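Peer 1: Chain B: place on chain A using the hints.
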Amino acid sequence: MNPPINTRAIYLAVIVAIALVSAGIYFYTRATVPPDEVLDSLPIETKKPQAESADRGVSIRGGEIVQKDEEGRVLWRVKADGDMTYDDKADVVEGVNIEFEINRRGKPSIGIKAPSFKADYAAQLVTFPQGVTGKLLDAPGNFSAQHLEYQLTTAKLIGTGGVRFQRGHYSAGADQLVVDINNPEVRMHGNVNLTRRQ
Amino acid sequence: MKAPTAEMPARLERVIVVLAVAAAAIVLLISVGLAVGQQSKATRTAIVEADDLVINLDKDTWEFTGKCRLNINAGHTAQMSAPRMSVQFSKKMDQILQLTAYGPVKFHVVTKANEEGIRRDISVSAQKQAVYREAAQTVEIIGAAEANITTLGVQGEAAHIVGDKITANLKTSQIFVDKPQMKIETPLED
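Residue numbers (the working numbering), protein chains in the order written: chain A, 1 to 198; chain B, 199 to 388.
Among the hints, a few may not be true.
Claimed, not checked - 25 Å max Cα-Cα, derived DSS-like pairs, lysine-lysine:
(1) B:Lys377 with A:Lys135
(2) B:Lys369 with B:Lys290
(3) B:Lys363 with B:Lys304
(4) A:Lys135 with B:Lys257
(5) B:Lys326 with B:Lys377
(6) B:Lys304 with B:Lys377
(7) B:Lys257 with A:Lys156
(8) A:Lys107 with A:Lys68
(9) B:Lys369 with A:Lys135
(10) B:Lys304 with B:Lys265
(11) A:Lys107 with B:Lys265
(12) A:Lys118 with A:Lys156
As the list claims (entries may be wrong) - A short list of chain B residues far from chain A (calculated; beta carbon distances all over 12 Å):
(13) Leu251
(14) Thr263
(15) Lys265
(16) Lys310
(17) Ala311
(18) Val360
(19) Asp362
(20) Ser371
In case anyone wonders, no lab produced these hints; they're calculated from the structure. Nothing here was measured: the structure is a model prediction, and the numbers come from that model. Just so it is clear, CB atoms sit at the ideal spot from N, CA and C, and this is done for glycine as well.
Chain A with its partners taken away, still in its complex shape:
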């Protein structure tokens, strides 16, 4: 004689199967949606620079430089995880593994992460020579470029080399990207293409 079929076990098996399929579909759907914000926030910590001896200038490890205008408002600040070197003869600061923050009217406007930077006070130019990622701090949007310059006289960021600007699900690429700090505007030039991120 066959053993009686346990109906409760069948119901439970059906529920478990449906729950597993539902969970699978839910996680698959979640996986296809890109995150709104790709970059993490860029917290700036204040640390006292620790000067080390150097052949020329001053070498600082784990320091922060804050640049202010005549009215005492912060223009930009940079924090380095690696070495930061100040060459007093050339009037140049260089740093490795940096987080750079640009302020607009005293408020954080743009955060930049880059493997290195160079601030040339005489030329009024900050250069990020490779693999730059940036984040707008007062509006949604991220950008990336192979090379980035911050012109202090014009308050413009100019990116070149595979530049991309991302907002929400859309991403625009071009040959050149210009972020105007004073007029909150992003301009892209040459071979512009706008695509939806899948």
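Peer 2: This is chain B only, laid out in the frame that chain A set:
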């Protein structure tokens, strides 16, 4: 009032099991709905190409200039070209609400095959502007609009339509013309 019997807990248990199965089925249906919705968004793509782009971050306006091209891929292939295009996105920035192209505008689409397997090649031009709406999959071409429609695979069959406004519905592969003037050419049979 009925006295409690051994049958009652068994019935109650059966009701609970049925309710649980129904709840699980609802969850499954919602998941499938979400997945289908996601996929339909993913398969409908619009790509804009241009020489320059200006994004006003305060007003959230995206203005393309210089040899602007819109490529729409949603089962059919459609292209639009104009000197200037302005894009308005949804608040979540997950969809193009409206793309306005400023004239002179050219629009070209090869429709999906209909029930008889017939596809049509439609070329529309206008002097003023064209408006593309992604959700509705429509293109409105405004200002002395002219359309040339040819049936692919049928030699010599063509139509030339002139109107104030021509609306192409990319979902249904239909063309609507305001104040039309139409000329149809069909080949004579021997």
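Peer 1: Failing hints, ascending?
Peer 2: The structure breaks hints 1, 9, 11, 13, 14, 15; every other hint is satisfied.
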